[in-house]
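Visitor: Sequence:
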Amino acid sequence: MKKKINLFLSSILALTLIGCSNRGKYKAGTYEGVGKGRNGEIKVSVTVSKDKIESVKITDQKETESIAKPALEQIPKAIEKANKANVDTVSGATMTSKGIMDAVNDALKKAGAMDHGEKAEHKNVPVTYTEGTYTGQGNGYNGSIRLKVTFAKDGIKEIQYSDNKETAHIGKPAFDYLVKEAKEANGAGVDVVSGATFTSIGFKNALVDAAKQAKASDLEGFKKNKVVHKAGQKIEETYDVVIVGAGGAGMASAVQSAQEGNSVAVVEENAEIGGNTVASGGQFQSVQKYLVWDPAKPNATSGTYKGKTYKKVKQAAGNITILKTILNWNEKEFDGNHFKDRNFVAGDIHELSKAGVHKEYLGTLKALKKEIKAYIDWAQPKLNAGTAETELPLFSTVNLHIFQTYYGGLRQNAKKTEWIYGNYELVAQFVNGGQELKGWLESQGAMFDNATQPTIVGALWNRENDFLGSDLNKDGIPDPDGANKKGKSVWNTYFVPTKNTLLNTVANHDKNKILLRTKATELMVENGRVTGVKAQKYDGTEVILHAKKGVVLTTGGYAANIKRVKETNTYWKDGALTDSTKTTNRSSLVGSGLDMAQKVGAQLTGMGYTQLMPISWVDNGNLAFGGGNYTIYVNPKTGKRFVNETGERDVLSLGEFDHGIRFEGSNGTIIEIANNNHHIPGPYPYGTPKDDDLTLWNRDVKNRQYTRTVDQLGDLFKQLGLQTNAEEVKKTIIEYDKALMTGQEKNLNPTKTGWTHLIGKAEKDAKGKFKPETYTLDGVKLKIRLLAPSTHHTMGGLVVDAKRHVLDKDGKAIKGLYAAGEVTGGIHGGNRLGGNAIVEIFVSGRSAAKAIVEDNK
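No gaps in the numbering here: position 545 of the sequence shown is 545 in UniProt numbering, and each next residue is one more.
Read the hints as simulated data drawn from the structure, not as lab findings.
Misleading hints may appear alongside valid ones.
What the hints assert, rightly or not - In silico SDA-like cross-links for lysine to any residue, where the CA-CA straight-line distance does not exceed 25 Å: (1) 312 to 438; (2) 324 to 415; (3) 382 to 326; (4) 373 to 435; (5) 771 to 316; (6) 415 to 316; (7) 731 to 716; (8) 513 to 850; (9) 224 to 86; (10) 640 to 576; (11) 69 to 771.
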């Protein structure tokens, strides 16, 4: 009996060994697999023979190219070489690497693999150095990153990073995380901090540079050494409202929800709150009635706000021409066939006005015409008497804002097969809501320049509210933000986590929570209602947040996802957008919120229209800030102007593609020229200046900006490798200035509207008119900037109603799900006016919060 038992056990063992010998074998063929990357699904096609992985091809992915490219290229090759799915991750692209491996594992399961590889455990290697302090250098987002790294014999002792120009609250917060992990890992293989990609990569490269100088014993090992994060205990909590995204829309929604008495949890992927809002100029469009012409007091030269008197803002030259065009706008229903036998040219409102108006905007147009007529009736006699237009008070109304948002976004796709324009109800909501926005922000500590209504690029009118910062101690002076003593910071205005500010309402209460470095991955649905959010912290910790009353998506757009922009594009002509097209956006803006919402049935709209920012730096795509009212844009090939610089952003970008050159890898590069004495509006473009160092505006920055006289342009163009004829540029400037001085701007080709400054200089008479005989360009310092279009704002997004309910394909509200800000579509049509985003995100965020209260009564 004992022998029989042993024989039986031997047979079992033999069969087991045979089975083990067949493990990892496949049924030959090609199989599809899906894994989860950083920005969404990664799909692969895997071809196997009986015993071998023959090839791995990535068929679809939404990863951020600047981060993921090494992993997308290296991981498939590594899998083929190792003949197993799990290999070492690529430093800096861990989530992408794991997503590819998971997708291959999924394919191998379908191929019949009993064992699809064993997870390779990362092991750091010991590295020694020549002791001392070394300065390493890498390229960050705003320029060079310099690290002073002190090495002990067998580790990193200290990393100093104060000498850098990275953006406050975007790049700078990443340093603390990177330093901590680099010291712990004794290496530069640390993961990229979400939302600060360029800073993270620049930091890592600077660290490697320092280690090389210190004669690291294993430099390759140093590059890979990293902290292996271990997931903590699952977090599961319940709140009234859960908000995904802590940018302007998210924080407005969070604050309003808290003010309504609801408990709030905010999930934010990045290391600090602020989202894309802190990368913006921060100005928002909304007319301040005390600063503009008042029909009840037509001759008033001043107005009152909060008990203080301010001078009326003056009209920009050429604006009355626009008002007269609107006054004659065809009131018949819009007929696109008007352009059947003529080209539609974006920005040509003279021709557009003949095609009519969409019926939902007719009431606004009629009311606006009455307002304009009253102003013209009052202004025309003064103009006839010789008063300069620029001496008249600015005409500006809510109806004008609504109507300009309409026609500024009324666009035709590239194939001329469809028209798109903004949903009237949503446009009217944010424009009207903007009237109380400044007061709401001020009540929580924000400060604005109450004496001005400036303009920015693509805004169409002087209607911006210029932020100054926050005043927490109530001394009437903006509080400092870092090294900026004047406190002029979007962060300081909207997000300071201190008493009496927006964030205080949420952050300083025990019942509320903001989860940073936590990425939402899925919306939870029960009985057809969205009931919460699943998320994951940067270390892999699972997070489940239940929402008793509602979930608000405020994840922003997808302008940083160039692949998605190109795939969905129907507006920009072939070849305009390329893989090297840059973005003004943070790297986390890839469309993850759209993907989550689509999985629960949400409908999308307007996805073919992405706004490009025409004034972006050619080297990194960052927003250069400014406006077209004081400058000219010059064709580098001809030296001539090619566009009305105060036009819409898409009009400027279209012109740049047609008249610009390829420079530093950027399509559509043009030359911007302005009088250097005119301060460019917006935050400092090279990082926050120390001690208010305004010389930053006057220094040369390679391939970005230069200060020269007109006689020095030839040498500059030669230095830059441009073929631009300096004499032709000089001729263009003089012709332009003379037309403006003599009121002949309409005769310029192209014409100019809404201008405020000459390029040269001249005196004015008592009525505000220029004296052409005093004009000179000699010795005038010019600001010359190299600019090109980069992706800025995505018009497309989730379909919502005025209460910010997310709608499904049948137009029905998805219960429990709301959305605000750039993640939504249908508002700006095919093009957004400059300054409309900030007002819209705050108004829509607050609207969603109020709707949740109403829906849960």
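Visitor: Next, verify each hint and record whether it holds.
Guide: Right, here's what the structure says about each hint:
{"no.": "1", "hint": "312 to 438", "in the structure": "holds, 18 Å"}
{"no.": "2", "hint": "324 to 415", "in the structure": "violated, 31 Å"}
{"no.": "3", "hint": "382 to 326", "in the structure": "holds, 21 Å"}
{"no.": "4", "hint": "373 to 435", "in the structure": "holds, 23 Å"}
{"no.": "5", "hint": "771 to 316", "in the structure": "holds, 18 Å"}
{"no.": "6", "hint": "415 to 316", "in the structure": "violated, 36 Å"}
{"no.": "7", "hint": "731 to 716", "in the structure": "holds, 17 Å"}
{"no.": "8", "hint": "513 to 850", "in the structure": "holds, 19 Å"}
{"no.": "9", "hint": "224 to 86", "in the structure": "holds, 17 Å"}
{"no.": "10", "hint": "640 to 576", "in the structure": "holds, 21 Å"}
{"no.": "11", "hint": "69 to 771", "in the structure": "violated, 58 Å"}
The structure does not agree with the numbered hints 2, 6, 11 stated previously, though it agrees with the rest.
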